[in-house]
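Protein chains: 2
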Amino acid sequence: MKPLTPRFPTVDRNGFVPAPESIPPPDVKYRQKVPPGLPVHKHPLNPLAFLLRGALIYPDHIAIAHPDVKHPAYYTYSVWAQRVQNLAYALIHFGIKPRDTVAVLAPNAPMIADAYQAIPAARGVICPINTRLTPLEIAYILEHSRAKLILVDYEYVHLVKDTKIPAILSNDTGRAGDPYEEFLSQGRRFSRERGWWGLEPEPDEDAGFALCYTSGTTGRPKGVLTTLRGTYLGAVANAYETKMDINSVYLWVLPMFHAGGWTYPWAATFAVSAQITLRNVSYPLIWNHLRNSSVTHYCGAPTVQIGLVNYPETEKLLKPVTAIIAGSAPTAHLIASLEKIGINPVHTYGPFTRNHLQESWLALPLEERAKHMARQGYSYTTADGVRVVYQTEDEDLQDVPQDGKTIGEIVVRGNLVMREYFTDEKATEKAFKGGYFRSGDLAVMYPDGSVGIQDRSKDIIISGGENASSLAIEQELVTHPDVLEVAVVARGHPKWGERPMAFVTLHPSKTAKWENKHKEFEIDLKAHARKRLPGFATPEWVAVVPGLPKTSTGKIQKVELRKRVAKL
Amino acid sequence: MKPLTPRFPTVDRNGFVPAPESIPPPDVKYRQKVPPGLPVHKHPLNPLAFLLRGALIYPDHIAIAHPDVKHPAYYTYSVWAQRVQNLAYALIHFGIKPRDTVAVLAPNAPMIADAYQAIPAARGVICPINTRLTPLEIAYILEHSRAKLILVDYEYVHLVKDTKIPAILSNDTGRAGDPYEEFLSQGRRFSRERGWWGLEPEPDEDAGFALCYTSGTTGRPKGVLTTLRGTYLGAVANAYETKMDINSVYLWVLPMFHAGGWTYPWAATFAVSAQITLRNVSYPLIWNHLRNSSVTHYCGAPTVQIGLVNYPETEKLLKPVTAIIAGSAPTAHLIASLEKIGINPVHTYGPFTRNHLQESWLALPLEERAKHMARQGYSYTTADGVRVVYQTEDEDLQDVPQDGKTIGEIVVRGNLVMREYFTDEKATEKAFKGGYFRSGDLAVMYPDGSVGIQDRSKDIIISGGENASSLAIEQELVTHPDVLEVAVVARGHPKWGERPMAFVTLHPSKTAKWENKHKEFEIDLKAHARKRLPGFATPEWVAVVPGLPKTSTGKIQKVELRKRVAKL
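Residue numbers (my numbering), protein chains in the order written: chain A, 30 to 597; chain B, 30 to 597.
The reader is advised that the hints may include incorrect statements.
Chain copies aren't distinguished; within one or between two, either way the pair holds.
What the hints assert, rightly or not - Straight line, CA to CA, 27 Å or less: simulated DSS-like cross-link-like pairs of lysine-lysine:
1) 71 to 455
2) 592 to 58
3) 71 to 126
4) 62 to 459
5) 348 to 272
To be clear, the hints were calculated from the coordinates, so they are not data collected in a lab.
With the rest of the complex left out, here is chain A (with noise of 0.2 Å):
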């Protein structure tokens, strides 16, 4: 049989105690109340059962591994749950009221998942914010999200230094004398060990629960308020998918702010899984980890992925690694390399859709394979059906045919699906329009009713009438071995109304050979382009670049590149 606790070699723990009150008591009881009122066939689902349940099975099971910083640190799931129960208490000490708002502004690391089970253990709701937010971005978020306190990590103090909303510090030493474990400490005391069992538990499966704030490329950000039974029934659609158990090994690769952690942070729980936490995005780090720290599974979006793919030290692993890609669509180019290294990516598109493979498939050579697997796929097991529909005005969606050209929009309902943006009912209206969530990504539907996402609909480009899509150019260009990134946005021409422009980094290996001749490697990627693609859709201009401008999440911001166009 295969050992249930995956092992850390590159790490020693044996520095690391928890504080005496990490502890839990001997007589530690993992179970709350039942909420009145309720029939004995039912209980509210809450994603914090997993805890609770992780913590009463394999209570030494190791549930956060913080290794990389000065003061590592490591919880087993019953120390793990204690650290939660006391920051609930905390919380509550300091007057959080059920559907109180409580803000985190951390990387990843112990505080940022404590707060994941501990704000919804209160009752309160989750408002992770992006770390790479301006200090008035995040000023407006604080206001529009009423946040009652926020945890904050030592790194980002100055992000909030002049808001008047209550903050408690974390130095994430997950020592004595470090203001963040002092409040757990302070909870502790004020929960006078009534344990689990003193924490009212969350009567309506339907209460929000994490706030998650848009980017908000265009306009004020939006903030996405999911509820306890999206996100339970969300978080075991991925832990079912992705294959994650007892014996993974999750790596916080992506920041755990991002969109409620992809519900990692409950998946995770689900399986009684370990999670490493990682504060920055370092390939050295990440290589490490991979190589010997038994990781089984992360999370990243397509920029990420090609910065470990295109690390120097990459090797083959031995043992296959689950990539769980989404944030935007992966390239064929991306999940080819991915899979030569041993890592297996699992495309997903939101909580909403996965690519499913076929046995069909597996006879393709690799490239074709990979084109496949970048389709966004199917809806997801415990997901509403996805349709991709015309854009009408009116309020009846008509689905495009499943001919695999004709671009509509995606749009989902059900249980995955956010409850609404909060406080705006107007831009709730708007999104839900029809009766589902109008994603506004573009997207045609294939004749075996999978979903391959095209664009979102400002990144179409009509080329003399043709509707282009850029993705589709992107996903071409990609292929051309000295290409790293790609971006395609339209720019006008006077013949043709729109082309095409590429917007393109070399890999770090081929820059010297196109020094000085970014002319002759134009010439060259329209060639390998025009093999692939149709003359409209061929791009007119050719831009290599040092870099592409990203957003905070990792996204290329093609507003900026717009910008850039409109001035040429």
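With chain A held as given, fit chain B onto it using these hints.
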């Protein structure tokens, strides 16, 4: 990469072509209407969604294989979904209205597999009836369940020949001319190709779904009514816990009529697994499939597992198979025997608890580890917690100490519990006294918070003031190398009040050894017992019998044994 479609090398599918009415139209859509009045972020949990999703994503994957009959049949997911749709329309055409009960009296075969999906698709309630009951018992269930229609297999027609309820007969041929096939064709015609869209979805996830009658060892059988929500969450948990997926082949050893097939009719569709239906528990057929049909999973009560392990042509399986054991508690000896031949037992208790392997057990000898694995363990992933409480008469349930000794009653609540005993408020109220479902099973709670069943209350033997668990005694007696099965009951004793009496069947290969030497065997077994049990638990009497009386679901009927003992 692994092949995605399991192979059935022992069967020749060439001969079988589904009827034209079973072939979906080219533009088939696997989508139902959205029930009115729902917010965008909610859809009712309904296990029917699993089949529709399976048919959409893997239309050509084998869903149902029915090989070991005169007329074998093989249905892919798309064909099966069409047949389910046809049956749903046929039921509506017949006059089935929402909440109407439709009974099924059939062995494992395509019809009952269809019924588990189609009756809920028509918004009816499925009532699968145990084929081993008497005509009188069946008549009672048909009347009590208010069945409007019976789907009946040719082998069991004689059991319902006096009923006035209309019946649809299946000759289990899957061919034209079979009344069941004609019923499906009627459904297809009646549908006028309205497809899934034309079948009204069930708006209430709390609606009754399956109505399964208890075997009624004491008194009349009771109708256990489960809900859509409960079944959905139970099926997802089972698929997750047993790691069923697209590569899995589930062998129907357990009768599908038994307690909703332990939710595996839907766990299999959730996982898009293949199902092989076996009309009867035939060890040669089971072993043939274990060896040759890529079987990965099956369910069975301990008695079936014992038969399987003791089949003469047993061999160690090359690819491990997962056996889900429930129905009654397996002995440690059985668990160890299964592991020796490459069968990994997953021991569950109803849909409430399962045994979870612990790392600390791995170093133990197999027999020792199996003892741990024979415990009922911890609450299921999607269940609420399980408790062991004192048998108080008032509503205030008191947990027993976690000492592994104090016996109490297992009580459970939450989403995996039945909604009610159908039309029996009094029995429901009694079963739910104290806000929990009172299982009637006696257990201890160990210091690690796991549960171990001792006995049903009447199986405790009070010997000289000591409580002896008949199950614990059986666990030890069955380790005697010549014993096949054993059942222990209390027998009156002038001095001690009660003493254990053991009824034993011998292993087939050992029957000759002890022929006309039952007294010697008794001495041998008692000596074996004394080494392992306290004096008060050592059996005072041993009876070697040719077979043990069993219920129609394979449970040993201690009631019968007690009757025998009363006459001694």
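These are the hints, each one checked on the structure:
Taking the shortest Cα distances, residue 71 and residue 455 sit within 27 Å of each other only across copies (20 Å), while inside one copy they are farther apart (34 Å). Proximity of residue 592 and residue 58 under a CA criterion of 27 Å is satisfied in neither setting, with 59 Å inside one chain copy and 43 Å between copies. For the homomeric pair residue 71 and residue 126, the shortest alpha-carbon distances inside one copy (25 Å) and between copies (26 Å) are both at most 27 Å. Taking the closest pair of Cα atoms, residue 62 and residue 459 come within 27 Å of each other only across two copies (22 Å); inside a single copy the shortest separation is 39 Å, beyond that limit.
With identical chains, the CA atoms of residue 348 and residue 272 are at most 27 Å apart both within one copy (15 Å) and between copies (19 Å).
Comparing the model with each earlier hint shows a violation of hint 2 alone; every other hint is respected.
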